[in-house]
Structures are given as C-alpha cells and as structure tokens.
Amino acid sequence: MTIALIDYGAGNLASVRKAFAAIGAPLTDVACPADLGRAGGIVIPGVGHFDATAPLQTGWKEAIARRAAESAAILGICLGMQWLFEGSEESSVVSGLGWFRGRCLRLTGDVKVPHVGWNSLNDISPRSRLLTGITGGASMYFTHAYAAPATPAAAARTTHGTTFVSVVERGRVFGTQGHPEKSGGTGLRLLSNFAALARERSC
Amino acid sequence: MLTRRLIACLDVRGGTVVKGVRFSNLAGAGDPAALAARYDAEGIDEVVVLDVTATLEGRAALRRTVDRVASELFIPLAVGGGVRSIDHAGGLFDAGADKVSVNSAALGEPALITRIAARYGSQAVIVAIDARVIDGRYRVFGRSGTSADTRDAIAWAREAEARGAGEILLTSMDRDGTRAGFDCELTAAVSGAVHIPVIASGGAGQPSHFLDVFTRGRADAALAASVFHFSEHGIADLKAYLAGRGIPMRATAPPC
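In the order they appear, the protein sequences are chains A and B.
Its first residue numbered 29, the first sequence is counted upward by one per residue in the working numbering.
Its first residue numbered 657, the second sequence is counted upward by one per residue in the working numbering.
Only chain A is shown next, with the shape it has when bound in the complex (with noise of 0.2 Å):
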C-alpha cells in the first residue's frame, strides 16, 4: 500500500513527508498523473496564490478522480483543500476539482490577514474519522489568507475574525487548512487517522 504526495511543483514539501515518515507510513511522490497507480491514499499539498494549482489542471483531475472511485483516500492540505471546492475569488482563472460547493474566500474582519500561527478546532464532528482522538480546542498551525466556505461536509472549524470550516470530510474525501505536518501531537494523529483509512481498503 502506497500514499501518494503530489508533486506538482508547489513549493516546499519535505516538512509533509517527514511528518508522515515519523508515523510510519512514508509517501511516495508522483511528479506525473500516469504514476498514481494504484495508491491506497493520495496528498494534495499546496501553499501560495491559487493560481499555483494550475498544473493541477492538466491531467491530474482525472486521475486523481480515478483512484477516489476506486476508493483511495484523499487528504487536501491548506491551499490542497481549497482546491477541492470549485475555486477561489483569489483566482478567475484557474479553478478547483469542485467535489465541494462553493468558492473560497478571503478572510475578513477586524483581524491580521493573513492568518498565521496556532489556532483551534471547534465544533468537531463526532463523526469525523480524520479527526478521530482530536478534541475541540486542540490547535492547528494556520497559514493562509482564504479559506473554504460553509458546507454541509464541515467536520471542524476555526475563528479569525470570521468563522470558516478548516477540516472538511466526506466519505474518503479529506481536507484540512491547517497543516498537520506542522502542528504537534495533533497533526501526527490527523495523519495517522488518514494513513489508518488510507490502508483500509487497498488491497
């Protein structure tokens, strides 16, 4: 069983593959859509402008799309879960997978933008399995000035001057604004839970 890292050229990755080295379940990186085969679990990464997707466009999409069918898990970190809804007003050009309603958003209110440090997670869905062991008030490194708007799949969420969801789930389907990789003792049981669901079913 493999877990993909995505490698699409947006910036600095060795952080996510430490964390998920130090629980054991190391990743993989595929620089080409054709080289997904057949990973158990899949991270999207990502930081930056929206815009920095783009390369996303082209091919990765549907192969992506492929392996969820055939039940990988996937797990979208910071600007990778915002590009799991349909866009952001960060961007008119370039837009997202669209598995989530909506576009992201800007942070507002009478607060620093961006949003940079430790913050926590609050109304966790019970039901949550990325989130299992995570209690509200366990906090996430953030870093970011947009973010995902409401929807039905919100399994947490963080206050900056406006609410937004930080974690979404459905079915197999994950996405979390903060990073796990940067985040202590709770990123690595964030990560740990997806490597658990990534194995699940990839035999």
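It is worth saying that the hints were derived from the structure and are not from the lab.
Heads up, a few of these hints could be off.
Said to hold, decoys possible - Which chain B residues face chain A? A few, computed with CB under 8 Å, are given here:
1. Thr659
2. Asp750
3. Gly777
4. Ala780
5. Asp808
6. Ile903
7. Ala907
Nothing here was measured: the structure is a model prediction, and the numbers come from that model.
For every residue, glycine included, the Cβ atom is placed at its ideal position computed from N, Cα and C.
Given chain A, put chain B in place with the hints provided.
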C-alpha cells in the same frame, strides 16, 4: 482564537548550539535536535535555527543540522543566517525548513524576497530587520548589526511586505542582550504599519516583558534564546503566566 506565539531561537555554529544553552547537565547538551525536541515538549510554538557563522563550510553543516532538527520537530521551523540566494534558501527548504529568514541580502537586493516568495510562497519568507534608535528614528542595520543602512525600519517593513514577505522578525539592537525588556514602541510602530505578523526580538528577561510586548507592543510572536532559563519549567510557566493575564496561548500537554 489565534494565539500569540513563543519562539525559541537556537544560535548554531558548526552544528552546535552556542548561545542559549540550557539543560547543560543532560547528555547531548548543545545538540540542536535535542534542544528543539525539549522545547517542543515544553510547549514552544516555533523554533528558529540561526547560523551565526554563515560561512561556506557552515552552510553544509547547517543543512545537516536542519535535516536532523526537522526529522523530529513537527512544529514550524525557521532557519536564518547568511541566506543570500534562492538556491541557498532552496537547500534549507529541502532539508526541512518551513521558513527562511533573510536580512542583509534582502537589504542589498530586495528582489530576493519576491523571488523566494514566488517559488515557495510568502509564508516561507521571513524578513529579519535589525533596528536601532538614531536621532529619534529607527534605523535599519545589516550584516549582523555592523553596517548602518539609510533605511527607516518602518518603511523597510512596509516594503518587505509589499515585496512578498510573510512575516517580519524585528530585533531591537538597543535591547538585544540587555534583558531589559523588548522595545515595545518599535514593535508597536512596525506591527501597526504592516498586515503580516511581527515577531519581536531582543531584550527578553522576565515574564512581564512578554506580557508588555504582546499588549503595548502589539507583537504577534515573541522570540528569545537563553531567557527560557528563567524557571525550572521555563516555557510552560511562561505560558501559564501569560494565559492568566488574558494573552491567548496554545494549550499543550505538560511535558512528561
């Protein structure tokens, strides 16, 4: 609610922590990976590794150090000290740094900020500003404080943000090493001038200094090195002190 961050700085030379060494009774004292892990267990929110030599040989040693620290530390890790090019920054990211801190090189070539941000994202770029009061104004200093720049610290912070910096690491050279408290006026002036987080540095000596810089100084984060000595429980005690006075702090499990 977004919490304020406490950041431990490890000054490293040739792979060994040279300042702010604590736990000297433990095996591996001076080992940055062991120290970082210990700070993490105590509840530190972020770690900065600062290469105080920044020589060519030092660079390879620094990458090895970063790799070792990052393999065991799953909270944000920033690395600085003589970062002069995008390739140098890239080597540090590949080793496991989440952010690089640029100082003198950005003063000489401000476009470097934009280049690193375009490739790795603004969240990965800290612009370090060393400032000192001269004739009633905050002046920027480069090259570890040895060369005066004509720039005004507040104007330079604004420019750094416009060029793509994700955070400002602001050191008061007047306070650095004095343990007399952070320069809250400087910190508040810069924090009010930019939208990105400002990390205050220089002058921490006791818990009330952190309270001051988070309130009067409007700092988003505070950095210190050796000062985390001040009590047996160091960081956990400091967090409890600040939380008890209304500063939002990340709750962490007590070290075991």
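Now for the hints, and whether the structure bears them out:
1. Thr659: 5 Å, holds
2. Asp750: Given a least distance of 6 Å, the restraint on Asp750/B holds.
3. Gly777: Nearest chain A Cβ about 4 Å off; hint holds.
4. Ala780: 6 Å, holds
5. Asp808: 22 Å, violated
6. Ile903: Nearest chain A Cβ about 13 Å off; hint violated.
7. Ala907: Hint on Ala907/B: holds, closest Cβ of chain A at ~7 Å, below 8 Å.
Hint check: violations occur at hints 5 and 6; the rest are consistent with the structure.
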